[in-house]
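Novice: Given the coordinates of chain L, work out where chain H should sit on it, guided by the hints.
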Amino acid sequence: MSDLIEKIKQSGLKGRGGAGFPTGLKWEMVQKAAALKKYVILNASEGEPEVFKDFYILSHYFKEVVAALELALKTIGGQEAYIYINHKYYQKLKRKIKSLVKDKPIKVFVKKGGYLAGEETTLMQVIEGQRPEPRLRPPYPTEYGLYGCPTLINNVETLYYVYKIYQDDYHQNRFVCFSGDLRFPGVYELNENLTIKQMLEETKNWPAKDFFVQVGGGASGEFLFSGELDTPLKSTGAIIVYDKKKTNVLNLARKLVNFFYHENCGRCLVCREGVFRLKEILAQKKPDFEKAEEIAFALSQLAFCGLGSGCGVALYSLITKLIKNGTPKN
Amino acid sequence: MGLLKIKIDGQEFEAEEGMTILDVSRKYHLGIPSLCSHPDLTVQANCRICVVEIKGQKMPALSCMTKVKDGLEIITNSELIKKLRRTNLEFIWANHHENCEQCPFKDDCQLKKLSEEYGVSPYYSSRKASRKKYSFGGAIVFDAEKCIDCRQCVLACQKQNVGFLEVKNRGADITIFPQLAKNKDCIYCGQCVSHCPVNALSADNRSLENLEKWLKDKNKIIIAQIAPAVRTGLGEGLGVDYGKIKVEHLATALKKLGFHYVFDTSTGADFTTYEEAQELIERLKNNKWLPMMTSCCPAWVKYVEFYHPDLIPYLTTVRSPQMILGAYLKTYWAKKQQIDPSKMRVISLMPCTAKKYEIKRPELKLNNGLAPVDEVITTRQLTIYLREKKIDLTKMEETPLDALATGAGFIYGATGGVMESALRTAYYFLTHEEPPQVEFKKVRGLKDLKEAQYQIANYQLNVLVVNGLNLIEEVIKTIKENPSKYHYLEVMACRGGCLGGGGQPLPIDSLIREKRAAVLYHLDEKAPLRFSYQNPVLLDFYHSPEAENLKRNFYTFYQKKKKVGFKIIKK
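First to last, the sequence lines map onto chains L and H. My numbering numbers the first residue of the first sequence as 674 and each following residue consecutively. My numbering numbers the first residue of the second sequence as -7 and each following residue consecutively.
Be aware that one or more of the hints could be misleading.
When the alpha-carbon atoms are kept at most 30 Å apart in a straight line, the in silico DSS-like pairs for lysine-lysine are as follows [stated by the list, open to error]:
#, chain 1, residue 1, chain 2, residue 2
1, L, Lys710, H, Lys469
2, L, Lys952, H, Lys104
3, L, Lys952, H, Lys160
4, H, Lys75, L, Lys958
5, L, Lys710, H, Lys104
6, H, Lys61, H, Lys50
7, L, Lys870, H, Lys50
Simulated from the structure, these hints should not be mistaken for laboratory data.
Extracted from the complex, chain L is given alone in its bound form (with noise of 0.2 Å):
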């Protein structure tokens, strides 16, 4: 079985979660961690703003995850493995994933919690019934994950992908949501060496007013003027176009750091406090942005997990680009 694991370090492909790990490499890690208990994750908890691709995954293409699943269990040397799924996906797709794990060493978990409850780490410990934090790494959960054992723990878009690369069927091709201020919303499956650009306009999206654009997610992703699109889509695949005119921008500041307020853990200071005294500054008339942009920077730099870091990143982008510098230079 480990040919598969060659075969998936072969195509390169990374996790597309948003971290971007090697998924070949993953596999190996947790195929050579010797324990006498391994599981196997897919994680489907899908929860940040404007991001839905994987819900289109699973809607349209659920039985070759679960099949991609299986060759996870096999490949690793699990025992067991867990379907952990937005609770609102679960609702609508409830029959299809019945019907499909039946009789196979796999537990569907309905994700408990917000946002946070997705990011991997935070995942388990929703799953052992513990506080919903992500956990100290090292160790990872190569070596160190679901009851302390170790875990591959797997995007749904990733093990999509598994699956055609198993089949020979592998074109680097990735998913993209496209949403806001454009024409043709939705889920398109596009090459992932195509710039934003080029993304844009290969879906007839590329706006014809003034736009800028959020990468990665409606909530932690990067904010990026219409000239810095010539670059790859690093980041989970989400595309959100903001009309420049139409946008306030300080609103859409407030509104993002309410998102993080509501959903921070609260377990590392720089996020509970950096959180807390963003909406605290945003939050007036003229808001202090010197402060706002230091917290930011201290969020992105400091942050215990990816939901503070987030937070830091978008806010710092947003804030450094869109509001201390005026009208941004296209």
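Specialist: Chain H in isolation, oriented as in the chain L frame:
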């Protein structure tokens, strides 16, 4: 295990495999700040203050969780790092309600020191000013408005197998909260206090108010008793070597403050040993209620009474040294000195927060109706009090104490000390000879569990010393399954024994515990008398006709305890 070479701020250092950057900084005193990472506990990485840059890495790293690799180049003082630490310190202040002028720990505060170093003062409005203040059994105070939610206390409490403190709520509302569950209660060991980086947890301070009041009252006879472990930490922070500040220096200071008499609790320990050795022999002869378990540690007693009341009969019925000495002072000694015991106020200087709780146990009242001890002040409270009174222990003369103590009394302050002291005397009682070797070295040291076998007269004794409550549940399980496995069990709730107690000066770590223990073993080695039964104070007492009657005050009983929980002392 090869040696690694790393560079910190351009300077080369040797490190061992497995060390974190913070470990290296601690080893070489490089001063990377850290609030939430204590060497006793697992790394949390919650406070984020120990951030550093690593050459070749895009993102800064945390020293507490980054293991060193050969050739690693670390930068701790770049503009970026200073900036991040400043932002972070402002965040910490937003969690820790600033009230430094009123704070007893203002000269003993890591956060204040760090802020001065980085030129940071509170920037944000405090959002914790309205949080509550709790008292646990009159021993420990938790001031939630100072808490930075780093969770060291929660970990320390879990490590004690207590789990009284827990994390509640999420996000900005997160808080440390005492458990409401009926089956969890505080044992007052104070390990939360020892591990709190910002003094949100501290020993109850009301005892000092009483002391001040009594010192001003001309009618009161104020007597201090100093626990053996107290002396081990007195020099810390004063820039002198361990053992340099003696209890005799402290006696001078106390008499300056207005204390009339100063005793060493080690004298009380000699009494405890004298009685406890007899009880051990009794139980061995009857082969009943073995293993006998020590009861000097009030936190351990509470642990048994609350969590394992079925083990109560195994606890020795002999009172702890502070209570015995208090009893001796307010009965036999008072009569001898012709002092009205009701005018006496016995103040215990203790390394311990649980001792504050112990003196309130109603069954410990004397047959004259008085409490043996009136107040307990911890070592840390004492050092702060002395500083406020501008008393410098390094400048004190030596004043002899008002009663003698033996080496066997001194070692009570270290883990294994009670056991060793009792074994020395038990050996004498059983054989009428001194043991060939005075020292019972197998019960010494900082291991979690210390098991030893000793042949004394006809008895092959299996003994176990439990150092900290980390592994206590396993020990209890073993005892319940196989009661005959051990004959004698010493348990101290705090690691290192009393010298690592929740009332001792901060910081604390294994190295400090070792140094403190060395002070006591050195004192024992040099002591002219090393067996409790040789103490002339005891001989005088036991030869008096009143001894038989007064000995009642040396024994006690235990009861299953219901949950006490907490009291809110500030809303």
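Novice: When the hints from earlier in the document are held up against this structure, which numbers fail?
Specialist: Those not satisfied come down to hint 5.
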